[in-house]
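Number of protein chains: 2
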Amino acid sequence: MTAFARLSLNTKTTNSWTLREAVQGAADAGLPAIGLWRDRVAEAGLDVAAKLVRDNGLRVSSLCRGGFLTDAGDGAAALDDNRRALDEAAALGTSELVLVVGGVPDRDLVAARARVAERIAELVPYAVERDVRLALEPLHPMFCADRAVISTLGQALQLAAPHPAAAVGVVIDTFHVWWDPDLAAGIATAGRQGRISSFQVCDWLVPMAADPLLSRGMMGDGVIDFGAIATLVAEAGYDGDVEVEIFNEAVWATDGRAVIDTMKRRYADLVLPAL
Amino acid sequence: MTAFARLSLNTKTTNSWTLREAVQGAADAGLPAIGLWRDRVAEAGLDVAAKLVRDNGLRVSSLCRGGFLTDAGDGAAALDDNRRALDEAAALGTSELVLVVGGVPDRDLVAARARVAERIAELVPYAVERDVRLALEPLHPMFCADRAVISTLGQALQLAAPHPAAAVGVVIDTFHVWWDPDLAAGIATAGRQGRISSFQVCDWLVPMAADPLLSRGMMGDGVIDFGAIATLVAEAGYDGDVEVEIFNEAVWATDGRAVIDTMKRRYADLVLPAL
Numbered sequence: 032m033t034a035f036a037r038l039s040l041n042t043k044t045t046n047s048w049t050l051r052e053a054v055q056g057a058a059d060a061g062l063p064a065i066g067l068w069r070d071r072v073a074e075a076g077l078d079v080a081a082k083l084v085r086d087n088g089l090r091v092s093s094l095c096r097g098g099f100l101t102d103a104g105d106g107a108a109a110l111d112d113n114r115r116a117l118d119e120a121a122a123l124g125t126s127e128l129v130l131v132v133g134g135v136p137d138r139d140l141v142a143a144r145a146r147v148a149e150r151i152a153e154l155v156p157y158a159v160e161r162d163v164r165l166a167l168e169p170l171h172p173m174f175c176a177d178r179a180v181i182s183t184l185g186q187a188l189q190l191a192a193p194h195p196a197a198a199v200g201v202v203i204d205t206f207h208v209w210w211d212p213d214l215a216a217g218i219a220t221a222g223r224q225g226r227i228s229s230f231q232v233c234d235w236l237v238p239m240a241a242d243p244l245l246s247r248g249m250m251g252d253g254v255i256d257f258g259a260i261a262t263l264v265a266e267a268g269y270d271g272d273v274e275v276e277i278f279n280e281a282v283w284a285t286d287g288r289a290v291i292d293t294m295k296r297r298y299a300d301l302v303l304p305a306l
Numbered sequence: 032m033t034a035f036a037r038l039s040l041n042t043k044t045t046n047s048w049t050l051r052e053a054v055q056g057a058a059d060a061g062l063p064a065i066g067l068w069r070d071r072v073a074e075a076g077l078d079v080a081a082k083l084v085r086d087n088g089l090r091v092s093s094l095c096r097g098g099f100l101t102d103a104g105d106g107a108a109a110l111d112d113n114r115r116a117l118d119e120a121a122a123l124g125t126s127e128l129v130l131v132v133g134g135v136p137d138r139d140l141v142a143a144r145a146r147v148a149e150r151i152a153e154l155v156p157y158a159v160e161r162d163v164r165l166a167l168e169p170l171h172p173m174f175c176a177d178r179a180v181i182s183t184l185g186q187a188l189q190l191a192a193p194h195p196a197a198a199v200g201v202v203i204d205t206f207h208v209w210w211d212p213d214l215a216a217g218i219a220t221a222g223r224q225g226r227i228s229s230f231q232v233c234d235w236l237v238p239m240a241a242d243p244l245l246s247r248g249m250m251g252d253g254v255i256d257f258g259a260i261a262t263l264v265a266e267a268g269y270d271g272d273v274e275v276e277i278f279n280e281a282v283w284a285t286d287g288r289a290v291i292d293t294m295k296r297r298y299a300d301l302v303l304p305a306l
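From first to last, the protein sequence lines are chains Y and W.
The numbering used here runs 31 ahead of the 1-based position in the first sequence.
The numbering used here runs 31 ahead of the 1-based position in the second sequence.
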């Protein structure tokens, strides 16, 4: 087992690469896994994408993303899209579909959150049939208005609670949760319940980028204590892949192979010792 | 009692005005109260400032700000500055000193939060002697790294808990807390304990401003449901002033009297009905 036996490249980190290039880059770097975004899969074609990762011996640690369940209408289009995403996840051989659940369409945050709960319940049977888990991702509260009304790990766990752990899990992304005073308790609970779908790492940059979406940094470039959070995740019993997902103009402008080299080094220095 | 009997102008909202202009503007607009920042007070001189607000019949709803207690050294300079701020609050006749407690100096968030707890305890006797309350302000989690490691109302209440309600309170600022899934419980607890030091209103703009500090909007210009939050605050028994504190380049570029007119109208439409 190498130092990188759990390290997964999320395709967003090497954003300029096609799926084929990302799969090749990950395999060449000796990584065992890749996290896929649906846009890259769609460009390649689902069957081609599934074959590509299989032929290169990669696990698919997660598929990103379903969600956007908060619109004030009947939600039928969103539910259809999520069912397609579950099918794609199954075809790609991953058990984890990451959900970014959507923002507040009309100032009524309580109602938006209630719709998320209802629509997750509608999706659960379809997910169970396909052996794919709905992985609820709490996003940083600065994205509550326009992207995800799930703002904390504790809240994600409350939404997951009515459903089996094999059907609804949670994503722990350091960028989104590092600030949370209740993080240790949330991670421990998620682990005890067997609900940790994914552990994603990237740093919080200071100052923030003008576009907060692009303020995710390479581990070590910001203020997050990866050792502390990785220790909590390890103590919670998580032994799955660790995905590196970075949205950052400077990283995206760097050659993908150099990005993977840096990512491996920083992972080995900052994350791995705690796992 | 007029519709504006609880409305307070924070001096940041009319940022281009001197203290004298802000006091005059608030008084001319029929407002009963003003929230002061220390920089404006210092420019005018403490005694002059105290006389100005007194002569114009204004309450000082709060003084902003003390805090910045997280540095990894002995904290002596910060404690001294907070004692001066408590003296200033007493001289200005306000019972509430708003604390922005400081960010993470060295990646160790747990230690930074522990220092905040210790240093608040050190300040409490001095605050009690002066009849001024340390008003802990949870800031939006996007400011956790560089400005305030208190990120939720629940966390602020935990830090306040060891101390009398007359010594340590909490600030409820809609911009910072609107997203919090535990907000209703936190406001109810804060009210029950008599710890609501200040209720500040301004909106969350979408998209955010490039500088997140300046992304605070006039009520009604963003996504916050002021009726819902004001209802929680009223039900919690709070009957103090409602401060409007807006950091926003466009608002700052507008004539102060026009800003106050808009602020009164939006307050009357969106906040007052719930109080």
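Note that these hints are calculated values from the structure, not bench results.
For every residue, glycine included, the Cβ atom is placed at its ideal position computed from N, Cα and C.
Among these hints, one or two may not hold up.
[Claimed, not checked] Ranges of calculated distance between the beta carbons of each label pair, as one might list FRET restraints:
#, chain 1, residue 1, chain 2, residue 2, range
1, W, 304, Y, 79, 51 to 61 Å
2, W, 193, Y, 289, 24 to 34 Å
3, W, 296, Y, 108, 31 to 41 Å
4, Y, 224, W, 118, 31 to 41 Å
5, Y, 156, W, 141, 57 to 67 Å
6, W, 88, Y, 149, 28 to 38 Å
7, W, 61, Y, 242, 58 to 68 Å
8, W, 55, Y, 108, 23 to 33 Å
[Unchecked claim] Stretches of chain Y that chain W covers, calculated by requiring three or more beta carbons in the stretch to come under 8 Å of a beta carbon on chain W:
#, region
9, 168-176
10, 247-260
Here's how the hints hold up against the structure:
no., hint, in the structure
1, W:304 - Y:79: 51 to 61 Å, "holds, 58 Å"
2, W:193 - Y:289: 24 to 34 Å, "violated, 51 Å"
3, W:296 - Y:108: 31 to 41 Å, "holds, 38 Å"
4, Y:224 - W:118: 31 to 41 Å, "violated, 51 Å"
5, Y:156 - W:141: 57 to 67 Å, "violated, 41 Å"
6, W:88 - Y:149: 28 to 38 Å, "violated, 53 Å"
7, W:61 - Y:242: 58 to 68 Å, "violated, 41 Å"
8, W:55 - Y:108: 23 to 33 Å, "violated, 55 Å"
9, 168-176, "holds (count 5)"
10, 247-260, "holds (count 5)"
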